[in-house]
Amino acid sequence: MTPRVGVITFPGSLDDKDAARAVRLAGGESVSLWHADANLHSVDAVVLPGGFSYGDYLRCGAIAKFAPVMEKLVDAGNGGLPILGICNGFQVLTESHLLPGALTRNDHLHFICRDQKLRIENNSSAWTSDFEVGAEILIPLKNGEGGYVADEKTLDELEGEGRVIARYLGLNPNGSRRDIAGITNARGNVVGIMPHPEHAVEKLTGPTTDGLGFFTSLITSLVNNGKVSA
Amino acid sequence: MSVDKVSDAIASPKAQQPFAELGLKKDEYKSIRDILGRRPTSSELAMYSVMWSEHCSYKSSKVHLRQFGTKVPKNDSMLVGIGENAGVVDIGHGWAVTFKVESHNHPSYVEPYQGAATGIGGIVRDIISMGARPVAVMDPLRFGDPGNPDTRRVLTGIVAGIGGYGNCLGLPNIGGEIVFDPSYQGNPLVNALCVGTMKHEDIHLAKASGVGNAVILYGARTGGDGIGGVSVLASETFDADGPAKRPSVQVGDPFMEKLLIECTLEVLHAGLVEGIQDLGGAGISCATSELASNGEGGMHVWLDRVLLRDSTLSPEEILMSESQERMCAVVEPAKIDAFMAVCKKWDVEAVVIGEVNNSGRLTVEWHGDEIVNVPPRSVAHDGPVYERPFARPDWMDVRQTSGPEDLVRPKTAAEVKQTWLTMTGTPNLASKSWVTSQYDRYVMGNTILAQPEDSGMIRVDEETGLGVAVSTDCNARFVALDPYKGAQLALAESFRNVAVTGAKPLAVTNCLNFGSPEDPAVMWQFEQAVTGLADACLEMGTPVTGGNVSFYNQTGEVAIHPTPVIGVLGVIDNVERRTPMAWAQDGELVYVLGTTRDELAGSEWAHAIHSHLGGHPPVLDLQSEMTLAEILVAGSSQQFLSAAHDVSEGGIAQTIAEMAMRSGFGVRIDVPAGIDAFTFLWSESATRAVVVVPQNRNEEFLALCQSKDFAATKIGAVDSLSKAIEVSGVFGETISLDIEELRTISEETLPRLFG
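Heads up: the sequence lines are chains Y and H, in that order.
Take the first sequence: its letter number 225 is residue 224 in numbering that gives the first Met the number 0, and every next letter is one higher.
Take the second sequence: its letter number 150 is residue 149 in numbering that gives the first Met the number 0, and every next letter is one higher.
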């Protein structure tokens, strides 16, 4: 059975079709989920895509948190459902407290779109298992509010528990504390990442195909956990 | 406050009306009285004033623009021609593409962020009203002296506005231009281009047909912003000490626009719409009068039903408001519920404001009173047409006879190297990545090429790899030297930039930015440029599908350089075969296609080093330009070119430098015999490209050039071990330019000025 991966569309989601394409290229079946439909339709995993949900009004991700689908998603995430939040999706995950910390305005105050080098720090999460620890990858980054912040205690905890999944290499593009580009929850099923792996899945359109690893990791971990057959 | 009803207009024929304040001339006001057989009501006056503005009525340009309709090349690709919201071109496999460029110059000077933002919003709505999904945007921009403090205010605001709106809309920004010249100091140019794709069966047109059908206004609520934007702002020159015009600028909400795109495409694809029109300049006045006059000829509007942001707005203000993110649809009564359900799904407010009838009149009522009763065509299409006087100004003689021949040129290898380093860092030639990195080029996942490549390229169909390439260009200095030839050179450059990537040029859009049409010299530039462009489009087989005119880009007596920005769209069967600008393999051969002459008038070198503008622009042979394009397209489809890059501003030196910086490794170049190093490196002769040929495809490449009798000069080879551009034959010596040093110089300029 092909793994079914839901991609949630909020008003203002922009990279939902890109996320669906990445799921398909990794061998999964993408399932469109609608913000107003409080039903996950029995998917095996969920991607919260990039964009400007609700126009980023109030605070990035703050209004999306109250969408009907989110109550189901938070329960499912706490129950172990693999969830990947990319960019705005990461912001929704921190607003929903599935992940700690917050994303703030880039320290240089400009939106920035560029190809960003990352180092994979953790390959035990559902979304990074196909990478080697220490692997250096290049994927697009594009955000205006991508600076990851948390209090020192939380940052120490994340580091201590190996929950930083990727770090920026070279110039820190947005002022993120400790160069953090992505983190996971303690269980390893919920991952938030600021750069865009779904934009690096085809040679023609991305700087590399390094981003595909996040999606193949998911398929691998679903198979290994017996959620779907190989 | 009582409203001015039609019955009042009949009862008080002599009432004084503020037509001049609304931008109407005395004879135009008299025409309105003649059409109506009475004085207009204040609401009618408001409608006519915005619809008869230069911006909406094209009253000064119409007589010349007709050439685009009469000099039409035979082209089987045109599905919808000039005159609709945007032209539509067939690209095969059942796919069609629509594209258009528009100006938002005046608002962007007054309020850079919102002006530039709403410029994107407006062009995007033009594209969705054709039934197409917008897939990319581009922004041709012109600014004043980079050292002037006001340029910083204008540029940073405009760039932030384009990014803030476009990024939030989810459209990749794939190119455009940024050019600095003092002539734009008080009149920066903000042009916005949008490309949309659709299947043939999804094409929609703006007309209100079907008696009894409902007219639905949906999207954002109507507010007091942008009142008189087209008439007060875009159709007058700026006065040095005039009143603030900021209230005439609209305010954008990209989130609402994103919802409007999705909602509109859903109602169109569900077959719920008979006709559709976006609301841009002139707002409800424009949408209702255009829809009515393109359909059965009559419409009744209940204006008090319009949802308002500000309940105190008068009917005149509601008719003139240019509040953004609004659309108007004509819907059969039986489909209204389904239409409203889609709007509700996307959280878009919608209300039936009118009904199509066959009265031949556009009637508007306000709480039971009739406040407008006009023939809709008289508002939308039968505005005034001016045959403005035009004459070649005497100063053209001086300008054309003071050529660049006496300018001091570098004469030694050391001087050539220094010139190269200096030119690489000039604001016009320097890297624009500080700007373009503020725009999202990745969203949608179909961007094949984006800045700094010659064209933006988008994959249209993931199955077949079918794609389109778009470029915009205009060297306004060439147009200033000779508007007829300059406009043709702009077309040629844009055509070439599309062909360089391997796409076949198909169609043209334009944004004609000029000074005041009331100045005969400006009008002459306009007439010459339009004629030159129409003649060239006819010869090159690329029809003009639509465009926009922006006059009054003038502050006091100072007009901008005439700037007809030309957009060319091309099609490529398989984007996997696109030709990039960077070389990739050691030992590949580097050629110049085309002929380099001593042509430096209007060049970037003359401008940047000597602040000189004079002489005649480079010669242009359109047939040669088409031959060059054939070679470049064949090079892509037969894969005998591994890289190619257009030669334009900054000459071959700049072309080579850009290719090297994009690639990261070096090249050895020999200055060919028969030409001095300076002319070879910085002449801006037209119809040239630098191409890179794999050694095993060299014979095929040369055979093709020979069969087409087109000059191909080998100038060197790629050297992957080197990190430098090495040029021999430079006044008897060899110079070497370190690529990383060039990159540093190129990338430092804009952040230093504006960061």
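No lab work stands behind these hints: they were computed from the structure.
This one's a predicted model, so the numbers in the text were calculated from it and none came from an experiment.
Beta carbons are placed, not taken as given, at the ideal position from N, Cα and C, and that holds for glycine.
Just to be clear, a hint being listed does not mean it is correct.
[Claimed, not checked] Below, in silico cross-link-like pairs of lysine to any residue (SDA-like), each with a Cα-Cα straight-line distance of 25 Å or less:
1. Y:K64 x H:D346
2. Y:K116 x H:G754
3. H:K334 x H:L312
[Said to hold, decoys possible] If you anchor each label on the Cβ, the simulated ranges turn out as follows:
4. Y:R58 x H:E739: 37 to 43 Å
5. H:P72 x Y:G133: 41 to 47 Å
6. Y:Y56 x H:R596: 38 to 44 Å
Against the structure, the hints:
Taking the CA atoms of Y:K64 and H:D346, the gap is near 17 Å; set against the 25 Å cutoff, the hint holds. About 23 Å separates the Cα atoms of Y:K116 and H:G754, which keeps this hinted pair within 25 Å; it holds. The hinted pair formed by H:K334 and H:L312 fails the criterion: a straight-line CA distance of about 31 Å is larger than 25 Å. Under the hint 37 to 43 Å, the C-beta atoms of Y:R58 and H:E739, about 41 Å apart, fit the expected range.
Distance hint for H:P72 and Y:G133: a CB-CB separation of about 59 Å, inconsistent with the stated range 41 to 47 Å. In this structure the supplied range 38 to 44 Å is violated for Y:Y56 paired with H:R596, their Cβ-Cβ distance being about 57 Å.
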